[in-house]
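Student: Chains B and U supply the protein sequences, listed in that same order. One point on numbering: in numbering that gives the first Met the number 0, the residue at position 82 of the first sequence is 81, and numbering is uninterrupted. One point on numbering: in numbering that gives the first Met the number 0, the residue at position 379 of the second sequence is 378, and numbering is uninterrupted.
None of these hints come from the bench; they were simulated from the model. Hints should not be assumed to be uniformly reliable.
Heads up, the list lumps identical chains together, so a pair's fine if it works in one copy or across two of them.
[What the hints assert, rightly or not] With a Cα cut of at most 16 Å, we get these calculated EDC-like pairs of lysine to aspartate or glutamate: (1) Lys220 x Asp247; (2) Lys22 x Glu11; (3) Lys220 x Glu251; (4) Lys162 x Asp223.
Number of protein chains: 2
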Amino acid sequence: MNIEINMDELKELVENKEYKKLKFLLERMNEADVADFLEDLPLKEAVLVFRMLPKAEASDVFAFLSVDIQKEVINAITDKELHRIVEDLFVDDVVDMLEELPASVVRRVLENATPETRKTINQFLNYPENSAGSIMTAEYIALKQGMTVKDSFDYIRAHGQDKETIYVLYVTDQQRHLEGVVTVKDLLMHDYEVPIEDIMDVDVICCRTTDDQEDAANAMKKYDLLSLAVVDKENRLVGIITVDDAVDVMQEEATEDIEKMAAILPSEKPYLKTSVFDTWKARIPWLMLLMISATFTGLIIDRFESALAACAVLTGFIPMLMDTGGNSGSQASVTVIRGLSLKEIEFSDVLQVIWKEIRVAVCCGATLAVINFAKIWLIDRTLFGRTDITLAVDAVVCLTLLLTIVCAKCIGCSLPMLAEKAGFDPAVMASPFITTLVDAVSLLIYFRFASAFLHLV
Amino acid sequence: MNIEINMDELKELVENKEYKKLKFLLERMNEADVADFLEDLPLKEAVLVFRMLPKAEASDVFAFLSVDIQKEVINAITDKELHRIVEDLFVDDVVDMLEELPASVVRRVLENATPETRKTINQFLNYPENSAGSIMTAEYIALKQGMTVKDSFDYIRAHGQDKETIYVLYVTDQQRHLEGVVTVKDLLMHDYEVPIEDIMDVDVICCRTTDDQEDAANAMKKYDLLSLAVVDKENRLVGIITVDDAVDVMQEEATEDIEKMAAILPSEKPYLKTSVFDTWKARIPWLMLLMISATFTGLIIDRFESALAACAVLTGFIPMLMDTGGNSGSQASVTVIRGLSLKEIEFSDVLQVIWKEIRVAVCCGATLAVINFAKIWLIDRTLFGRTDITLAVDAVVCLTLLLTIVCAKCIGCSLPMLAEKAGFDPAVMASPFITTLVDAVSLLIYFRFASAFLHLV
């Protein structure tokens, strides 16, 4: 990247109170970088520096700040300054912020909004979390049929300044029913006197306010849209989702999937901003549940205590069998979970997926079993002289390995699909859960083979 | 989503050879949906249906198709049709396709391109994989200083039709050096006679052709850009990256991270399109490596065989200790890996991260140890009458649990950061690797405590 801002230099300016020079530099910086810089300062100084920003830049920087600093800033500025910021911000950014702020601060923000803005904010706050309505913005441009290309440009020139995008324009009737969509590119490719109903696309891709935000983002990705229309149940246009918000949603959802796959309850805050207590809260439920499940695996071992005592060499192979089973299962489950969330796999593919996993499992299992058989015989028995490892023991271990991998891959690929079908989030059926289950399965297979081949009880 | 296409109905039309009706419907569908439909057909029929599409739509649909179908289509169409498609496609889409096609097909594609297009394609093919150059497109609009707003609009009207975006315009000198950027919104907000040098932004955010595509995508996300300028090392504009390509990169990178975290070598193809052999190839290396590492854990158990024989009750707790340790370590590593890849965490935060993880680990460890202590005493000993579980055994298990969790979280958070510092991809330091390492650590702690408290050898 070509723009390199020396944050340390800026920090020194703050420390030495060289505010004039600091102000000069801040005005030349990109708003996202100014926000980054403020995030690195102690709260008090961040507020101090924020108030130095020129009014026009302040709102833009404010939108990029984390809620912690936004709160401090709101507490420090006058009602007049707050009014300016609230009116300058896009409604979706105000709503994002209000959802995280304490009630007293929310009240002060709403008091300093115009009645009209306040009404829109309240309406937006009522959309369910993670719905398309909760991430849309009301700052779009709506045209009317009967306008020409020239009328449209005049309208954009008059009303476009504070809109979040001016490149996608929606055509609505008097009751705000969505009738068509036209882009600035379409306008520019036609003569000024052409009526927009001749060039607008009547098949508008749109979503409902109550649709899942992830579905909305996926539709934007699929159709390469810069902006997606959001309508209510009477097909009236109530807002738009812009591509930058869709990008944020996709990244959030990927993070959430990754967290769930690692047995963590998803959190919205960045890691370094989350308190120890919140991190503990997000991690302890699954750890506890998995710990308790793992005690059942222990029960299986206890049940076969006498077999292990009679043939102690078996114990040493338990970690390898359990780990390899767990890893094989995780590979299958994670692949399927990601495929489901990218819509590459659907429940109707379940048989195709299982059949594929069985074949992959047999290939992986056979490879590992052969390698392991040779390794045990050549290294453990011949090189290290472990004469207690008989051919039968070696065979039991390697057969268990093969069968465990096949079971693990079947469990790993089918559980997430069943979860999806049952309406649960497939991501929780990932590594830790599969591992715990596969541990038990691998031990049962192991002891069954051991009983059969080694004549143990 | 409001547009629902009944794929089954379309398939029936293909089967019954009702091509007229099919053609009528296809012409009204979105290109992305037509491509989806073709993907679901057998190859031969897909090519047949593709050739029914009107010429103007064909290239757009072609860009959405998977390489398998693209190859079949190329083999089936005439040179003239191929020429039209190659010239209609954006250069970045042609390059993506050529990278996957066999050499003979590549030759035919290049033969049917104009010399100019061929030159650009060859240049693009030389950019390293995953570089900004490899995902950029050459179809941008460059303006010259001295043009007014009106001149710019005239220029866009004349040259904008086949450009990938017309909303972000770059100002360059005669040698294509990047001098500024101006958006159509800026143009629309100013009078027609204003010269563009008065309104252009001279601080252009741009990247080098050789920069990592992930960095380019992250910059676009950070600064909310619709298009990012790509320059060569002499600061000459060579292409742009559009937001839809950046979105694809972000999603690919997230998938790649997820795959690596699950010990799978990343693949570019969707799951259902990957052959069993390729899936096997992607999964077997890590499975093998982890299987071999797990045998060391087995060696630890063998080493303490006599201790286990003397106090057989200890064996039953091994799965619980190993699993909980592994899960705790994965939670920390996955959180840190995701933080690193979203740039929320940097190497300089390493001490802060470790200190945080230690505190979280002590909280989690203490919670689980207390619950486990009570559970072993009340359920295993009192309820099930396992008198071989003494107070000392219970204490050894719970102390091991606490210490294992602390070690697991420290290993889990520090290894990915060290990998990042050493220039490796932190994602490979995820669950499976951490689990294997933590397994060994937890057993060593367990046997050490057992020796000390239970006076075993």
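Student: None of the hints should be skipped; say for each whether it holds.
Tutor: Hints, one by one, checked against the model:
no., hint, in the structure
1, Lys220 x Asp247, "both (12 Å within a copy, 8 Å between copies)"
2, Lys22 x Glu11, "within (13 Å within a copy, 68 Å between copies)"
3, Lys220 x Glu251, "both (15 Å within a copy, 13 Å between copies)"
4, Lys162 x Asp223, "between (20 Å within a copy, 15 Å between copies)"
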